[in-house]
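Construct the complete structure from the given sequences, taking the supplied hints into account.
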Amino acid sequence: MNIVLLESLGIPGELLEELTAPLTAAGHSFTAYERTTDEAKLIEECRDADVLMLANMPLPGSVIRACEHLKYINIAFTGVDHVDMAAAKEKGLAVSNAAGYATQAVAELTIGQMISLLRNVNATECQCRRNGTKNGLVGSELGGRTVGVIGTGAIGQRVAQLCGAFGCRVLGYAPRPKEQAKQWLTYVSLEELLKESDIVALHCPLTGETRGMIGAAELAMMKPGSYLINMARGPVVDSEALAAALNSCHLAGAAVDVFEQEPPIPQQHPLLNARNCRVTPHIGFASQQSMALRARIVFDALNGWLEGREVNRVL
Numbered sequence: 001m002n003i004v005l006l007e008s009l010g011i012p013g014e015l016l017e018e019l020t021a022p023l024t025a026a027g028h029s030f031t032a033y034e035r036t037t038d039e040a041k042l043i044e045e046c047r048d049a050d051v052l053m054l055a056n057m058p059l060p061g062s063v064i065r066a067c068e069h070l071k072y073i074n075i076a077f078t079g080v081d082h083v084d085m086a087a088a089k090e091k092g093l094a095v096s097n098a099a100g101y102a103t104q105a106v107a108e109l110t111i112g113q114m115i116s117l118l119r120n121v122n123a124t125e126c127q128c129r130r131n132g133t134k135n136g137l138v139g140s141e142l143g144g145r146t147v148g149v150i151g152t153g154a155i156g157q158r159v160a161q162l163c164g165a166f167g168c169r170v171l172g173y174a175p176r177p178k179e180q181a182k183q184w185l186t187y188v189s190l191e192e193l194l195k196e197s198d199i200v201a202l203h204c205p206l207t208g209e210t211r212g213m214i215g216a217a218e219l220a221m222m223k224p225g226s227y228l229i230n231m232a233r234g235p236v237v238d239s240e241a242l243a244a245a246l247n248s249c250h251l252a253g254a255a256v257d258v259f260e261q262e263p264p265i266p267q268q269h270p271l272l273n274a275r276n277c278r279v280t281p282h283i284g285f286a287s288q289q290s291m292a293l294r295a296r297i298v299f300d301a302l303n304g305w306l307e308g309r310e311v312n313r314v315l
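Under this note's numbering, the very last position in the sequence shown is 315; numbers go up by exactly one each time.
Because the hints were derived from the structure by calculation, they are not lab data.
There could be a bad hint or two in this list.
List time: in silico SDA-like cross-link candidates among lysine to any residue, alpha-carbon distance up to 20 Å [said to hold, decoys possible]:
{"hint": "1", "residue 1": "K41", "residue 2": "P58"}
{"hint": "2", "residue 1": "K178", "residue 2": "S140"}
{"hint": "3", "residue 1": "K91", "residue 2": "E141"}
{"hint": "4", "residue 1": "K182", "residue 2": "T146"}
{"hint": "5", "residue 1": "K223", "residue 2": "E179"}
Treat the numbers as computed from the prediction; the structure is a model and nothing was measured.
Okay, structure coming up:
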């Protein structure tokens, strides 16, 4: 099999060599490329591949359709919306993801952003650097707050569990509730969650149902002085509407790790210029531990596919 990795997996070379050695020893070829947005170059790199491996770079249908030998796409990411799944289905390809690798990483960052927002960490740091004090910026604790978790998969459940440990009341919303999640949260309607929560945390996939889920009407339902944290996907939230809710002071603050496009983000983006909006360049999934776990998950899926087993298959 001709196996092609289209972008770095963010792991040391020694680990990549450890994971690929059994494949090359078995007679398979393995080629790794640097990430590119040049479609013609991408087609050239992919043309003879039986297997494509990638993380979160876009993989257009035009590239997929140009690969005559392609049989399997191995996505080193939880979400798969950056891959043209319609084209993959059209060609009868197998597709897998790396579900589970970033559960702890995303959950920890979510909790960190909650605390940072509630305690005014950014503002007090700026004051400290200007020889100022905490005066006027004394924040509040996470314990005792009501947290609404939208999306109750593995990450949402872990966030709910950690919030519970802090003494929070946790509400949850998902189109298809999960029985195991009920030990960490109480399911309610989306409207009730938005109206009752002091903090709303988004951990849902990007689908036809969730695209634009949080718009001006939904933001208006949220409690005055509440917070929104988006660790899901950028298009789940209307960025213009969120910026307006922040700038009008209806929301006290927000933390956004995801946008309509992968970073770098244009300087004119409304959330880069909104009041008290903490922005990060899609770091939620990325820790040293999660990157190593992700690599092992995707190579396990690849080996499973080569052996006729299904591992993390999404198509």
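For a C-alpha distance cap of 20 Å, please report whether K223 and E179 respect it. Violated, at about 28 Å.
Could you grab the alpha-carbon distance between K91 and E141 and see if it respects the 20 Å cut-off? violated, 52 Å
Are K178 and S140 close enough, with their CA atoms no more than 20 Å apart? violated, 32 Å
Regarding the pair K41 and P58, is the alpha-carbon distance no greater than 20 Å? Holds, at roughly 14 Å.
Measure nothing beyond the straight line between the CA atoms of K182 and T146; if it is 20 Å or shorter, mark the hint as holding. This hinted pair holds, its Cα atoms lying about 16 Å apart.
When the structure is compared with the earlier hints, violations turn up for hints 2, 3, 5 and for no others.
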